[in-house]
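Trainee: Listed below are the residues making up each chain.
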Amino acid sequence: MRKKLYFVIPDLLTVSLILFLLPGCLKDHITRNYVMSRPVYALKTTVLSGINGSRDQPIVAAGKIYVKDQYIFLNDIDKGIHVYDNSDPSHPVQTAFLNIPGNEDIAVKGNMLYADMYGDLLAIDISDLHHAVFRNILHRAFPARAYLNGNITILNDNLVDSTMVITGWINKDTTVSSQDPQDPYPYYYGGGYLLAPTYYSNAAVSSSSNGATGVAGSMAKMVLVNDYMYAITESHSLGVIGIKDAAAAPTMSAPISVGFDLQTIYPFQGYLFLGSQIGMYIYDLSNPAAPVKAGTFMHGRACDPVISDGNYAYITLHSGTSCGGANNELDIVPVKDLQQTTVPTTYGMTGPHGLCKDGNLLFVCDDGLKVYDAANAPTLKLLTTITVKGSYDVMAGNHNLMVVTDQGLYQYRYDDNNQFDQLSFLAVKK
Amino acid sequence: MFNKSLLAALIGCLWLLPGQAQGPWKFRSVEYGGILTGEKGTFGQLQSINGMYKGSWFLGVGAGLDYYRFRSVPLFFSVNKDLMPHKNGLFLSLDGGVNYPWYKRHYSQLQFAPVSIFHPGVYWSASLGYKLKMSPHGKELLLSAGYSFKKLKEDYKYYYPPCVQGGCPVTTPPDHYDYDNQRVAMKAGISF
Chain A
507 MRKKLYFVIP DLLTVSLILF LLPGCLKDHI TRNYVMSRPV YALKTTVLSG INGSRDQPIV
567 AAGKIYVKDQ YIFLNDIDKG IHVYDNSDPS HPVQTAFLNI PGNEDIAVKG NMLYADMYGD
627 LLAIDISDLH HAVFRNILHR AFPARAYLNG NITILNDNLV DSTMVITGWI NKDTTVSSQD
687 PQDPYPYYYG GGYLLAPTYY SNAAVSSSSN GATGVAGSMA KMVLVNDYMY AITESHSLGV
747 IGIKDAAAAP TMSAPISVGF DLQTIYPFQG YLFLGSQIGM YIYDLSNPAA PVKAGTFMHG
807 RACDPVISDG NYAYITLHSG TSCGGANNEL DIVPVKDLQQ TTVPTTYGMT GPHGLCKDGN
867 LLFVCDDGLK VYDAANAPTL KLLTTITVKG SYDVMAGNHN LMVVTDQGLY QYRYDDNNQF
927 DQLSFLAVKK
Chain B
15 MFNKSLLAAL IGCLWLLPGQ AQGPWKFRSV EYGGILTGEK GTFGQLQSIN GMYKGSWFLG
75 VGAGLDYYRF RSVPLFFSVN KDLMPHKNGL FLSLDGGVNY PWYKRHYSQL QFAPVSIFHP
135 GVYWSASLGY KLKMSPHGKE LLLSAGYSFK KLKEDYKYYY PPCVQGGCPV TTPPDHYDYD
195 NQRVAMKAGI SF
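Chains as they are written, first to last, in this note's numbering: chain A, 507 to 936; chain B, 15 to 206.
It cannot be assumed that every hint is accurate.
As the list claims (entries may be wrong) - In silico DSSO-like pairs for lysine-lysine, Cα to Cα no more than 27 Å straight-line:
id : chain 1 : residue 1 : chain 2 : residue 2
1  : B       : K118      : B       : K165
2  : B       : K165      : A       : K533
3  : A       : K895      : B       : K118
FYI, nobody ran anything at the bench for these hints, they're computed from the structure.
Work out the full structure, taking the sequences as your base and the hints as a guide.
Mentor: Structural data, given as structure tokens:
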């Protein structure tokens, strides 16, 4: 045995030496297959003259929801607005579709519908829903609708070409040699073309609407309060847009610097509650033309829609993906006395999104739709969980409940005993 | 994901074996520890292969832990051929199967974390080894070295800052990555 080892070991060492050198000849190969998107442009004037689309237009990607009178205005992300006559919630009927590329937010006052078209704010006369008429435009109201490569290119930027607007995308599968994407730097698509950003939408009932305006949600980025529209024009600023004269073009004063990573606005009883990725800001609307900061609640990094009933602010924190952070929770923050230090009551959640409140009922989009008794807030009692997949948007009032999910729009009827019956379902086209 | 050519070769070996081997089939277990060296660096591996041998042939199924680049668990068929039966000497080994991921990316709370899902890929290796009998009862020390390949696939969904509000683009399709990893594998093991 020893003799055999004596002869074998040098051979093994030689082989080992060779083997240690060999790895230098071996290369790993990483390939990346991705979708490269190139925008399709159209003249803005052409798009605005073709606002009225087909009332048979199916829902492709359900976004934010807005309700006024008997109508539901449902955003189809970056495509336009579906208008449904909801006189009978069991059978909502689509009466119109407004072609608005880049649209994500909706607000209605009287017969004037305000909608974003990428960076512009449109004023559209909907006196006749079947023949909506574009009336006015506020250019570059939302300059933050920039794309991934950091360059505001053709989209509403005078530096390039403000006469064009992106109406669609041409997608092409592309395979390239790559490296480990361990560092998740924003991906650069060659040529400066990028996918249009699309957003979660979460909505809840706004209690501050008057008869002339409709109802928006907790995740809206633009809201109407009397003669003004308040909008998150870019991630750190609040814009104040005058809309007193519906016949005139909206006008915007210099934006107010608020805080970092603003996301949502919720108006309530003379205040604005602004949700951001690092906290909630409260602004006093005593002078509606010049909102003033009245309070702040900071939290860990997360996406946070916020609503309020005047006594408490209800904030859902959603982490992961673009939101960062690790918190998934519902925070209930007393806001009655804004001068006092606020200590929240926290409830753990799975991945909450939109929320709304109807009387003592609190609705939270989280792993379905959770319904709480908030009569003794901040103490909550879970009453039931409605099973829906991909819920991110909820609106409730007058015993009617609307839940927007990635599958479509559900409507329920609920009674004083908190029994929920599904009335209708508008499905997203697969 | 399982290499059809490899499967055909394995079936061919199984068909040829009865004509080559003498005596009954007997159980054998081989436990390996070793290293994998490639462009990414040097990482460890563990393997356990259990099967039957007859004469100079061994057929077995194996499972392992492979720490190269992304930790994974290869499950494979193994075919060994003793080039010098009944005494110390060389052997050839050929493994082939599926490589299952056992890895999850981690990001700091401040990052806009993408969503990453790994999928299995093919695994195969070919090596030349030397066996030393350690006891009259069949226990052997095995040393081998050769080429090893494993593949993994990943769906990687980016989310792009800055985000104006309410979460960022969520309808962008994920990127797909294929990782082809080529290594030199050196192992030491015991069979019994």
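Trainee: Each hint needs a verdict: does it hold in this structure or not?
Mentor: Status of each hint after checking the structure:
The straight-line distance between the Cα atoms of K118 (chain B) and K165 (chain B) is roughly 16 Å, inside the 27 Å bound, and the hint therefore holds. A threshold of 27 Å between alpha carbons decides the hint, and for K165 (chain B) with K533 (chain A) the separation of about 13 Å falls inside it, so the pair holds. At roughly 25 Å between alpha-carbon atoms, K895 (chain A) and K118 (chain B) fall within 27 Å of each other, so this suggested pair holds.
No hint from the list above goes unmet by this structure.
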